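With chain W fixed as given, assemble chain Y onto it according to the hints.
Chains as they are written, first to last, in the working numbering: chain W, 1 to 581; chain Y, 1 to 374.
Keep in mind the hints are simulated off the structure, nothing from the lab. All values reported here derive from a predicted model rather than from experimental measurement. Glycine included, every Cβ here is placed at the ideal spot set by N, Cα and C. Mixed in with the good hints there might be a few duds.
[Unchecked claim] Listed next, with one range per pair, are the computed distances between beta-carbon atoms:
| hint | chain 1 | residue 1 | chain 2 | residue 2 | range |
| --- | --- | --- | --- | --- | --- |
| 1 | W | Glu134 | Y | Asn130 | 42 to 50 Å |
| 2 | W | Glu134 | Y | Val36 | 29 to 37 Å |
| 3 | Y | Asn130 | W | Asp462 | 38 to 46 Å |
| 4 | W | Arg553 | Y | Trp10 | 50 to 58 Å |
| 5 | Y | Ile27 | W | Ser28 | 46 to 54 Å |
| 6 | Y | Gln249 | W | Gln574 | 52 to 60 Å |
| 7 | W | Asp462 | Y | Gln249 | 56 to 64 Å |
| 8 | W | Ala398 | Y | His51 | 57 to 65 Å |
| 9 | W | Leu546 | Y | Trp10 | 52 to 60 Å |
| 10 | Y | Arg372 | W | Gly128 | 32 to 40 Å |
| 11 | Y | Val36 | W | Asp462 | 41 to 49 Å |
| 12 | Y | Trp10 | W | Ser12 | 35 to 43 Å |
| 13 | W | Arg355 | Y | Ile27 | 52 to 60 Å |
[As the list claims (entries may be wrong)] So the derived list for chain W, only partly shown, Cβ under 10 Å to chain Y, looks like this:
| hint | residue |
| --- | --- |
| 14 | Leu77 |
| 15 | Glu100 |
| 16 | Gln109 |
| 17 | Leu111 |
| 18 | Val113 |
| 19 | Thr153 |
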Amino acid sequence: MNTAALTFSTVSKTFTRGRQVSALAEVSFSIQPGRVTGLIGPDGAGKTTLLRLAAGLLLPDEGEIQVLDMDALAEPLKVQSSISYMPQRFGLYEDLSVQENLDLYADLQGLPVAKRPARYAELMQMTGLSPFAERLAGKLSGGMKQKLGLACTLVHSPRLLLLDEPTVGVDPVSRRELWQIVYRQVQEAGMTVLLSTAYLDEAERCDEVLLLHQGKLLDQGKPAQFSRSVAGRTFQVSSNALSHRRLQETLSQAPGVLDALIEGETVRLVMETACAPAAEQLLPGQDIHITAVEPCFEDAFIARLKVRQTDAPPVEFSPSASLDKAEDDVVIRVDKLQRRFGDFIAVNNVSFSVRRGEIFGLLGANGAGKSTTFRMLCGLLPVSSGELAVAGYDLRRAAATARGRIGYMAQKFSLYSNLSVRQNLRFFSSAYGLRGKQQKARLEWALNTFELASFQDVNAGDLPLGYKQRLSFAAALMHEPEILFLDEPTSGVDPLARREFWARTNALAESGVTVLVTTHFMEEANYCDRLVIMADGEVLAAGTPLEMKMQARTVEHPDPTMEDAFIQLIEQRQQTSETAA
Amino acid sequence: MNRLAQMRLWGLIRKESLQILRDPSSIAIAFIMPVVLLFLFGYGVSLDAKHIPVGIVIEQPDRETQSLAGAFERSEFFSPQYFSVIQTAQKALDEHQIDGIVWLRSNFSAQLLSNSASPIGVIVNGVDSNQANITQRYITGTWQAWLSHYAESRGQSLQMPVSVEQRVWFNTALSSRLFLVPGLIAIVMTLIGSLLTAMVVAREWERGTMEAMMVTPLRRSEILAGKLIPYFVLGMGGMLFSVALAVWQFKVPLHGSFWLLMLSSALFMLVALAIGLLISIVAKNQFVAGLLAIIVTFLPAFILSGFLFDIHSMPSWIQFITYLVPARYFVAILQTLFLAGDVWSVVLPNIGALLMMALFYFLLVWRKFHKRLE
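This is chain W alone, in the form it adopts within the complex:
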C-alpha cells in the first residue's frame, strides 16, 4: 500500500524532433496527499512533459508512474476519472457560454444531475463568475477565462489536480484569486494539487517544491528549506549618490557577489559565501548602506543555477550614432491615443511622453492594451483617434529612413528559424542598409557582445530559448537605433536570462538609447525610470516606480511592492466603477 498521491520512479522521456531531445531523465519523486506541490523550473525544463505523463497523455520511455495507487500506464481511464488536468492553454470552448462549459465538463466527469446545482453555485461563488453565466467563454477577460478553466476542472472534486502554468499572463489580482481557490480545495476537500509555474515568487506559496532543470529533478523540499541554503548570503544595498541602475551594474561586477538584482530603490545581493560584505570592499570610495535580509526562494534558485562567469566580457555598447542633446528632450509623445476593433476599445485615451535615454515601461496583464499601443507607435497599426510622434514622426506615414532610427523586438520570436544565427544577423543588418565593412563590424560586435559566436552557424530555430531572445535583441540593435521598442522581451524567459537581458538594456540606456518596454512581470517595473500601468486599455497610473509604490503605502504596508501597488490600483478602479454603476 502506497500513501503517496503521485509517485514517479526513474521516469525518462525522450522526444525525437529531428534529433533526440531528452525531456525528462530518471526523475523519481513522490508527493503527499492533501498538499500543494509546486513544479518549478525555467522554460524547457520538462514541467509540461511531467504533468502530461502524470495525466496519462504521454507514455514514459522508462520507469513507473503511480497515481493515487493506480498504475497510470495500465489503467489510464480509471486514473483519469479521479484526477483533473488543466493544460497550459486551457481547453475552454470559446463559443460556448460559461454555463455550457460547466455543463459539458459535468457530463464528461459523470457528475450526477442531482448534485449539480449545489456544486455549480459553490464554483460560481468561488470564482465570481455568477454574473457572467450566460456570457460566451471567448468574451471573458484573461483572468476570468483562467478561473472558468479551473472551475471546469474542479466540477467533480478530483482527488488529484494537475495544473500546468495556471497563472501565466494573468493579472496579479486574478492570480491571487486563483491561489485562493486552489487552497480552498486543499483545505476543504483534501485535494492534492501539483502545479507548475515559471514565477519564482509563487514557489513560496507552495507546501513543497520540485525543482526541475533541463529534464532533471534537482531537488525536492519545502520552500523555506531552499531559502535556508543561502542563509547569511543575502543583503540589501542602498546608496544616495548612485542611481539604483548604476549601483546594480557596478555591484554585479564586484568581488564575491554572485548576483545583484534591482529591488525597488535598492539592490539585492546574493554573495558567494556566507560572510557580510564590507562596503569598502564592494564599492571603494562610495557611500553605500548594507543590511542583511531574509533569503527568499529566488535567491536560492539563482544560487543553485547561476555559475558566475568571471571572464565574461564586460557589456559594452557603442553610444548611439546621432545623440544630439540640443534636440527636444521628448522623443516619444502619445496624446489621447485610441484604438477600436469593431465595438471593442483596445486602447482608450492613452497619453504619455518619453524622454531621451529613458527606460519607459508599459506595465499590465495580458490584454491590457500594451501590445496594441506598441504596434501603433511602430506604425504597424493605424490609430483610430489621437496623436503620436516618435522622434518627431508618425511612423505610419513617415519615410523608411525614419524607421531606421528605431529598433523593434517583437513579442514572438520573429527571426528566420531555418537560417543560421549569422545569416539572420546579416539579413537584418542589410535590411537596414548596412553594407561592407560597417556590416562586418556590426556582425562581429553582435556575436561578441551577445556571446553568440559559438552558435553562429546554428539554425536560429534550434537555439535554446534564452539564446533566441539574445539573437532577437541583437537583430534589433544591428543598425544602432536611437529608440528601441521591446515587446514582452522577458516573457517565458527564465530568471537567469532575464537578469542578463536587463543588464544589457541598462547599458543601452546609459549610452543614450531610449527604451520603451512592455512587461507583465510587476517586479521588472523597478528597472524603468518611469512607467505607466495599464488595464483594460486605459492608463491607471503614471510616474516613477517609487511614486507608484508610495501611492500604495499604508500603515500596515510600510514597504509595498509593485505588485501591491498594482492590485491596489485595480481594486480602486473596480470600486469607482461600481459606485458609478
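Structure of chain Y alone, referenced to chain W:
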C-alpha cells in the same frame, strides 16, 4: 452502454451541436455551399453545345443555298452569320467571332445534283478539340439531314453508305444539368464529411480543448462517436437539402427509390467522415487539415469521380486510380438512381464498394486514434 457513458456522449453531442449552430462557417458549408454549387453547375456550366456561331459562306446565292442556310437557321445548335467570300469568314474565325465555317462554293447547286464530290467545305477552329468535335458533328448532321430531305423532295432517294438512327436513353434531352446536379450531391457531402470534420477536430487541437478532453474519463469510442454523430446529421441534412433543390429547383427526375438513395448516401457519409477523422489525426492544425482534405478528398471527388469528366476516356492508369476515390462509386449510384432508376446491377456493386471502404477507413481510424498526445 451504461448511464455514465450515455451522459458523456450526450454532453459531447450537445456541445458539438451548439458549436455548429454558433459557427457560421459550418452552416455555410452545409447549406450555402450546396446552393452556390448547384446554381453554378446547374445554370452556369453546360457541357452541351448550343447556339454555336458558324459562318456560312455563300459565293452564289440561289434556291438551294437559301434552303440549306435555312436548315442551319432553324437548328437550335447554330447561330449562323453570312459571308460572301471565304477570306472575310476566315478572318472572323481568326478573331473568334465564329467557331466554324460552312463553305458553299459557286458551283454548289451544280455539284449537288451531279452526285459527285462533296459540294461543301467545312472548317472548324480546333483550339478546343472537344468543342471542335461537337461543332463538326453537328454541321455534318445538319448537312445530311438537309440533303436527304432535299433528295426526297425531288423524288430521288439518296445513296448513303450507312444511315444512323440515334436514340438517347435516360437523359433524353441530353441536358448536362440533369447529369451534373446529382453528382454535385457527392461533392457537397465530401465537403461536410471530410473538410468540415477534419477542420473542426484540428481546431480542437489548436485551441487545446482536445488535450483537456483526453484527460477526462471519455473512452476512445465516445470521442469518435461524439464527432461522428453531429456531423453525420449535418451531412445528411446537406444531402436532403441538395436533393430537394435538385428535384424542385432543377427539375431533375428521381427515377429510383428515395430510401435506396438515403441508404447509399448514409454509407458514403460514413466513408467521408472516416477520412475526415483520419486527416485530423495526422494534421493537427486547421490550415494543414484543410489543405489535406481538399487534396485527398475534394479534388479527386471533383475530377476523378466521373461527376464532371468521363472516366472511360481517361488514360488507363488514371482509371485505375479512380477506383480509390469513394466518390466514384457514389456518383455512379447517384446518376443511376436519379436518371435511370433502381438498376440493381449498377447500384449493388457500388454499395458493396462503399461498404468495404467504410469498414477499411473506420478500422484505420480506430487503430490510429489514441487518447494520447503521440
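Against the structure, the hints:
1. At roughly 59 Å, the beta carbons of Glu134/W and Asn130/Y sit outside the given window of 42 to 50 Å.
2. For Glu134/W paired with Val36/Y, a C-beta distance near 34 Å keeps the hint of 29 to 37 Å intact.
3. A C-beta distance of roughly 54 Å is found between Asn130/Y and Asp462/W, which places it outside the suggested range of 38 to 46 Å.
4. Our hint of 50 to 58 Å for Arg553/W and Trp10/Y holds, since their Cβ atoms are close to 56 Å apart.
5. Distance hint check for Ile27/Y and Ser28/W: the Cβ-Cβ separation is about 53 Å, which falls inside the suggested range of 46 to 54 Å.
6. The hinted window of 52 to 60 Å between Gln249/Y and Gln574/W holds, with their beta carbons roughly 58 Å apart.
7. The hinted range of 56 to 64 Å is satisfied by Asp462/W and Gln249/Y, whose Cβ atoms lie roughly 58 Å apart.
8. For the pair Ala398/W and His51/Y, the beta carbons lie near 59 Å from each other, so the given range of 57 to 65 Å is met.
9. For the hinted restraint 52 to 60 Å between Leu546/W and Trp10/Y, the CB-CB distance of approximately 59 Å keeps it satisfied.
10. Evaluation of the 32 to 40 Å hint for Arg372/Y and Gly128/W yields a pass: the beta carbon distance comes to about 35 Å.
11. Distance hint check: the CB atoms of Val36/Y and Asp462/W are about 46 Å apart, consistent with the given range 41 to 49 Å.
12. Range check, Trp10/Y to Ser12/W: about 41 Å between beta-carbon atoms, so the 35 to 43 Å window is met.
13. Between Arg355/W and Ile27/Y the CB atoms are about 55 Å apart, so this pair conforms to the stated range of 52 to 60 Å.
14. Satisfaction of the interface hint for Leu77/W is found here, the shortest Cβ-Cβ separation to chain Y being roughly 6 Å, below the 10 Å cut-off.
15. With a cut of 10 Å, the hint placing Glu100/W at the interface with chain Y holds, because the nearest CB-to-CB distance is about 6 Å.
16. With its C-beta approaching chain Y no nearer than about 6 Å, Gln109/W sits inside the 10 Å limit, and its interface hint holds.
17. Look at Leu111/W: its Cβ gets to within about 9 Å of chain Y, closer than 10 Å, so that hint holds up.
18. Restraint check, Val113/W versus chain Y: the minimum CB separation of about 8 Å is within 10 Å; hint holds.
19. Contact between Thr153/W and chain Y, as hinted, is supported at the beta carbon level, the nearest pair being about 8 Å apart and thus within 10 Å.
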